[in-house]
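Note that our numbering numbers the sequence shown so that position 60 is 60, with each residue one more than the last.
Just to be clear, a hint being listed does not mean it is correct.
To be verified - Within a straight-line C-alpha distance of at most 20 Å, the following computed EDC-like cross-link-like pairs (lysine to aspartate or glutamate) qualify: (1) K33 / D49; (2) K37 / D10; (3) K46 / D9; (4) K18 / D35; (5) K1 / D49; (6) K37 / D49; (7) K33 / E19.
To be clear, the hints were calculated from the coordinates, so they are not data collected in a lab.
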Amino acid sequence: KACRVIVPDDQLSLAIGKEGQNARLAARLTGYKIDIKPASQEQELKAIDAQPDEAPEDAEPQA
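Please work from the sequences and hints to get the whole structure.
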């Protein structure tokens, strides 16, 4: 299980915590792998998520 957390740019270091302590604690309490990203990267992340998965080159074409 994983989740992505988007935080305001000026709150990024607070969300992560000293040496990642806040992120680790939240991950331990929730059981999720937590990926904390700044809001300035939100549009970039949406573009990546919207891209269709590419089929491997050696995959057989589907009929």
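Now the hints, each set against the structure:
no. : hint      : verdict
1   : K33 / D49 : holds (18 Å)
2   : K37 / D10 : holds (11 Å)
3   : K46 / D9  : holds (17 Å)
4   : K18 / D35 : holds (16 Å)
5   : K1 / D49  : holds (17 Å)
6   : K37 / D49 : holds (14 Å)
7   : K33 / E19 : holds (16 Å)
Checked against the numbered hints given earlier, this structure breaks none of them.
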